[in-house]
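K.L.:
Sequence:
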Amino acid sequence: MIPAQALAYNGTYALGGEAELLTGGHLRCRSARGRPGLEPASVRPYRRRRAAARPCTGTHPGGALVRTVIAAFVAAGVLLAQPGATGKDWPHYGGLYSAWRYSALDQINRSNVRSLRPVWAFQTGDYDGGLQATPIVVDGVVYLSTAHNWVFALDGATGRELWQYRYPLPKDITTIYGPWNRGVAVGLGKVFMGTLDNHVVAIDQKTGRELWRVNVEDARQCGCNITGAPLLVKDKVIVGVTGGDSAHRGYLNAFDANTGRHVWRFWTIPGPGEPGHETWPGDSWKYGGGATWMTGSYDPELNLVYWAVGNPAADFYGEDRRGDNLYTNSVVALDADTGKLKWYHQQIPHDVWDFDTAYECVLLDLPVDGKMRKLLLNVNKSGYTFVVDRTNAEFISAWPLVKHINWVQGIGKKGELIGRNEPEVGKPKFLCPSIGGGRSWNQGAWSPRTGWFYSTGLEWCQEVTAVKEDPVEGQPFFGGTFEWRHPPGEQAHSHLGAYDPLTGKRFWSYRYNYMLLASVLATAGDLVFTGDPEGHFFALDARTGEKLWSFQTGSGHRGSAVTYEIGGRQYIATPSGFGSALAGALGQLWPEMENFRKGSTLFVFALPEGD
Numbered sequence: 196m197i198p199a200q201a202l203a204y205n206g207t208y209a210l211g212g213e214a215e216l217l218t219g220g221h222l223r224c225r226s227a228r229g230r231p232g233l234e235p236a237s238v239r240p241y242r243r244r245r246a247a248a249r250p251c252t253g254t255h256p257g258g259a260l261v262r263t264v265i266a267a268f269v270a271a272g273v274l275l276a277q278p279g280a281t282g283k284d285w286p287h288y289g290g291l292y293s294a295w296r297y298s299a300l301d302q303i304n305r306s307n308v309r310s311l312r313p314v315w316a317f318q319t320g321d322y323d324g325g326l327q328a329t330p331i332v333v334d335g336v337v338y339l340s341t342a343h344n345w346v347f348a349l350d351g352a353t354g355r356e357l358w359q360y361r362y363p364l365p366k367d368i369t370t371i372y373g374p375w376n377r378g379v380a381v382g383l384g385k386v387f388m389g390t391l392d393n394h395v396v397a398i399d400q401k402t403g404r405e406l407w408r409v410n411v412e413d414a415r416q417c418g419c420n421i422t423g424a425p426l427l428v429k430d431k432v433i434v435g436v437t438g439g440d441s442a443h444r445g446y447l448n449a450f451d452a453n454t455g456r457h458v459w460r461f462w463t464i465p466g467p468g469e470p471g472h473e474t475w476p477g478d479s480w481k482y483g484g485g486a487t488w489m490t491g492s493y494d495p496e497l498n499l500v501y502w503a504v505g506n507p508a509a510d511f512y513g514e515d516r517r518g519d520n521l522y523t524n525s526v527v528a529l530d531a532d533t534g535k536l537k538w539y540h541q542q543i544p545h546d547v548w549d550f551d552t553a554y555e556c557v558l559l560d561l562p563v564d565g566k567m568r569k570l571l572l573n574v575n576k577s578g579y580t581f582v583v584d585r586t587n588a589e590f591i592s593a594w595p596l597v598k599h600i601n602w603v604q605g606i607g608k609k610g611e612l613i614g615r616n617e618p619e620v621g622k623p624k625f626l627c628p629s630i631g632g633g634r635s636w637n638q639g640a641w642s643p644r645t646g647w648f649y650s651t652g653l654e655w656c657q658e659v660t661a662v663k664e665d666p667v668e669g670q671p672f673f674g675g676t677f678e679w680r681h682p683p684g685e686q687a688h689s690h691l692g693a694y695d696p697l698t699g700k701r702f703w704s705y706r707y708n709y710m711l712l713a714s715v716l717a718t719a720g721d722l723v724f725t726g727d728p729e730g731h732f733f734a735l736d737a738r739t740g741e742k743l744w745s746f747q748t749g750s751g752h753r754g755s756a757v758t759y760e761i762g763g764r765q766y767i768a769t770p771s772g773f774g775s776a777l778a779g780a781l782g783q784l785w786p787e788m789e790n791f792r793k794g795s796t797l798f799v800f801a802l803p804e805g806d
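Our numbering numbers the first residue of the sequence shown as 196 and each following residue consecutively.
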């Protein structure tokens, strides 16, 4: 086994012998993780054993010149092939179907960002739960959703309200997820939203009038709801569901965007007779979690929808569900028309740490060993970032996003976990990172100009005690208790860094004393934007990490900034409004955070006219 520090990136890898771990260093190979499901006819059982070390070789072209050539190739080809990629709009949750969170707009750039100023602000009035949404911008109109399922259409240049829609939430709806909402989908003349009582609604894009409404499942019975933004693919609106910490069986649904008719459902936990069902003993599959609570991606060329699946339930106690527990903690690739599974890649078999794989699926076309590959990058709560071939699930690499990781010794050359450190029944165990994740759900960003992936990372830990519980349908099903803790030798903190997406080589890092819990926005102006819990919205130099500009919005940031252009003027919009269960629990580590102000305001910035 090669020590972690010996795996430092220097532009080329040529490793052999017992090269195996990806801990502080970054090893990548072309091996598949046991061919993890090109045809899901059979699956491997979960075993508590250390994987044997095997030879591994690989090369990766590095250096500034190669990076520049790659960036130019991608920017000229892949970027412009995606709707909205020229930057005038922000048409999807991740900006593009590929979830880059990047805009080609460069009117606001490193040389003039210090002149950025607010041009309008819109207060939603919905303050309980904060403002977690990603605004969607189409044809100069901003569509913004709030915690209690209100939707506003705003003039993107002035902030003037064009219409508002308020979903009639039943007063008796209670859930462990909410109230919050992370965004809408816009297209085909409609605005689509999932609701806290587990409905999908379609709203007229011009008038705000409700067109149709369908119930996905009884929220009172399932203990689940919809908080993520839908994904509109052709004539289908695809919607995930929460419920990973409840006694519930997860799924992903597609509805006809014009009528609301149900088109297909993919169960994230296979039922009897389906491939993968054998990874769930007894009746554990009926209440096994597997939520699809964030938003997926789409590759139009392959006609594949990529969705990341959350943890199994119970979260910390796994003895009643011994096995790999497919398809939890997996990225699944589904035929967009039928919902049929094409492949899967499971990152954490038999998860007993609540380390969801539910975050963004970033689609990248990059060279690997001198050959252009169609890749998918996914960050999960475990502190690791995984990269696979998005055509066939072949494992490419995995690398650590944070320093404090002790739940596993490392990731092997096929993507397997090595040296599992699991919670114990009745005995507190110190584990890193915390249940809050090595990163929260807020997305990172990839810039084709630098070729770097920008992401926050959270350095914190927890004490976990596993507890055997019997499932009750729709009720919380954690299987344990936990308390947040500072990591060994230092205070909990966070950072925003620039990384090589294949190797995890870090080029710069910006440190912050609390938790950075907002998404990242990258632009062609070589800027990276995000916000912090104290209310600062700020811009960093994408190439150096230097802070260039900051503005105090009055409340912390939990949502996602976007950028768009109207009439030749570039705007930056950011939701301001701290909230969510995670935000409320941070007082365990920082008592002063309990007094951080709530809010629900969209701030929009631009350069002074004439600049």
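Hints may contain errors.
Said to hold, decoys possible - Derived DSS-like pairs: lysine-lysine, alpha-carbon spacing no greater than 30 Å straight-line:
1. Lys609 - Lys535
2. Lys569 - Lys609
3. Lys598 - Lys624
4. Lys598 - Lys742
5. Lys566 - Lys535
6. Lys624 - Lys609
7. Lys622 - Lys663
8. Lys429 - Lys283
9. Lys366 - Lys283
10. Lys481 - Lys663
11. Lys481 - Lys598
12. Lys366 - Lys385
13. Lys481 - Lys366
14. Lys566 - Lys624
15. Lys385 - Lys535
What the hints assert, rightly or not - Label pairs and their in silico Cβ distance ranges:
16. Arg312 - Glu356: 19 to 27 Å
17. Pro803 - Gln318: 21 to 29 Å
18. Arg312 - Thr369: 40 to 48 Å
19. Glu804 - Asn708: 47 to 55 Å
20. Asn708 - Val667: 36 to 44 Å
21. Pro803 - Asn708: 31 to 39 Å
22. Lys793 - Gly762: 30 to 38 Å
Since the hints were derived computationally from the structure, they do not count as laboratory data. Note that the structure is predicted; figures quoted are calculated from it, not measured. Every residue gets a Cβ at the ideal spot worked out from N, C-alpha and C, and that includes glycine.
K.L.:
Indicate, hint by hint, whether the structure satisfies it.
P.N.:
Evaluated hints:
no.: 1; hint: Lys609 - Lys535; verdict: 25 Å, holds
no.: 2; hint: Lys569 - Lys609; verdict: 18 Å, holds
no.: 3; hint: Lys598 - Lys624; verdict: 19 Å, holds
no.: 4; hint: Lys598 - Lys742; verdict: 23 Å, holds
no.: 5; hint: Lys566 - Lys535; verdict: 29 Å, holds
no.: 6; hint: Lys624 - Lys609; verdict: 28 Å, holds
no.: 7; hint: Lys622 - Lys663; verdict: 12 Å, holds
no.: 8; hint: Lys429 - Lys283; verdict: 21 Å, holds
no.: 9; hint: Lys366 - Lys283; verdict: 40 Å, violated
no.: 10; hint: Lys481 - Lys663; verdict: 17 Å, holds
no.: 11; hint: Lys481 - Lys598; verdict: 36 Å, violated
no.: 12; hint: Lys366 - Lys385; verdict: 27 Å, holds
no.: 13; hint: Lys481 - Lys366; verdict: 29 Å, holds
no.: 14; hint: Lys566 - Lys624; verdict: 44 Å, violated
no.: 15; hint: Lys385 - Lys535; verdict: 26 Å, holds
no.: 16; hint: Arg312 - Glu356: 19 to 27 Å; verdict: 22 Å, holds
no.: 17; hint: Pro803 - Gln318: 21 to 29 Å; verdict: 24 Å, holds
no.: 18; hint: Arg312 - Thr369: 40 to 48 Å; verdict: 42 Å, holds
no.: 19; hint: Glu804 - Asn708: 47 to 55 Å; verdict: 37 Å, violated
no.: 20; hint: Asn708 - Val667: 36 to 44 Å; verdict: 40 Å, holds
no.: 21; hint: Pro803 - Asn708: 31 to 39 Å; verdict: 33 Å, holds
no.: 22; hint: Lys793 - Gly762: 30 to 38 Å; verdict: 34 Å, holds
Against the hints set out earlier in the document, violations occur for numbers 9, 11, 14 and 19.
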